[in-house]
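Colleague: Sequence:
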Amino acid sequence: MTRELVYGRRPVREVLRAGKRQILELLVTERALKAEPWLRETPGIRLQIVRERTLNEAARTMEHQGVVAFCEPYRYADALELAAGERPLLACLDQVTDPHNLGAVCRSAEGAGATGVVVVEHNAARVTAAVCKASAGAVEHLPVAVVVNLARYLEEIKRPDLWVWAAAGDAETPVWSADFTTGTALVLGAEGRGLRPGVRRVCDAAFAVPLAGEVESLNVSVTAGIALFEAARQRAA
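Residue numbers for the sequence shown, in our numbering: 1 to 237.
FYI, nobody ran anything at the bench for these hints, they're computed from the structure.
Wrong hints could be hidden among the right ones.
[Claimed, not checked] Derived Cβ-Cβ restraints for the label pairs, each shown as a range:
| # | residue 1 | residue 2 | range |
| --- | --- | --- | --- |
| 1 | Val50 | Glu216 | 44 to 54 Å |
| 2 | Leu80 | Ile49 | 23 to 33 Å |
| 3 | Leu33 | Thr61 | 11 to 21 Å |
| 4 | Glu216 | Asn123 | 16 to 26 Å |
| 5 | Arg40 | Glu172 | 52 to 62 Å |
| 6 | Pro174 | Arg3 | 16 to 26 Å |
| 7 | Glu63 | Glu25 | 39 to 49 Å |
| 8 | Pro43 | Val215 | 14 to 24 Å |
Since the model is a prediction, treat every value here as computed from it, not as a measurement.
Virtual Cβ for every residue (Gly too), placed ideally from N, Cα, C.
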């Protein structure tokens, strides 16, 4: 059976809480076992107590916090199904390659009650152990879908009650003036490059996060977080 790595105390715990994929093997240190009693309270999991060095080798990082799990593969959602519901809220990422950015976007999306996150198949981060860790386990609760062609996908899901909004620094509409109360797809571009022209062209409108300082732009995950929670605020009003 194909196995995927998840490391870190919270990411592994969220795998258990979500219950969407099985943990096949769990490696922990004595120190982590004492600090996290829940590690002993999960029946049916093969638990091994090992040394820190063994976990460093298994996770290929020292950021495992004494907990490493080997799980069933992550199950991606269907992108069209995510958009088909009533008033969906999607974060669509155009070739975002940094796993920490993807993880942070997923964490914000899950916290804001978004329907899901959509990423592209090529030249982009997918759900990995690093993404699970950066999301603090949020990817276990949040649907993530993969599409081959983002521009084509956005064209397919657009409808009168689902608007596609591009995040663009040159947009005239500030994020708090954009209408995210209907179905909304927030489209955010890659680090440093922004949205590809073909993706930008299919968007219905664009918004910007106004900046008062000297920096020219925000990190993609920060922009996503601002827009997602603005959408959540509008929908709760």
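Colleague: Work down the list of hints and note, for each, if the structure agrees.
Modeller: Do the hints match the structure? See the list:
1. Val50 - Glu216: 44 to 54 Å: Holds, at about 47 Å.
2. Leu80 - Ile49: 23 to 33 Å: The hint (23 to 33 Å, Cβ to Cβ) is violated, given that Leu80 and Ile49 are roughly 45 Å apart.
3. Leu33 - Thr61: 11 to 21 Å: holds, 20 Å
4. Glu216 - Asn123: 16 to 26 Å: holds, 23 Å
5. Arg40 - Glu172: 52 to 62 Å: holds, 57 Å
6. Pro174 - Arg3: 16 to 26 Å: At 46 Å between Cβs, range violated.
7. Glu63 - Glu25: 39 to 49 Å: About 19 Å separates the Cβ atoms of Glu63 and Glu25, which means 39 to 49 Å is violated.
8. Pro43 - Val215: 14 to 24 Å: Hint violated: Cβ distance 51 Å, outside 14 to 24 Å.
Against the hints set out earlier in the document, violations occur for numbers 2, 6, 7 and 8.
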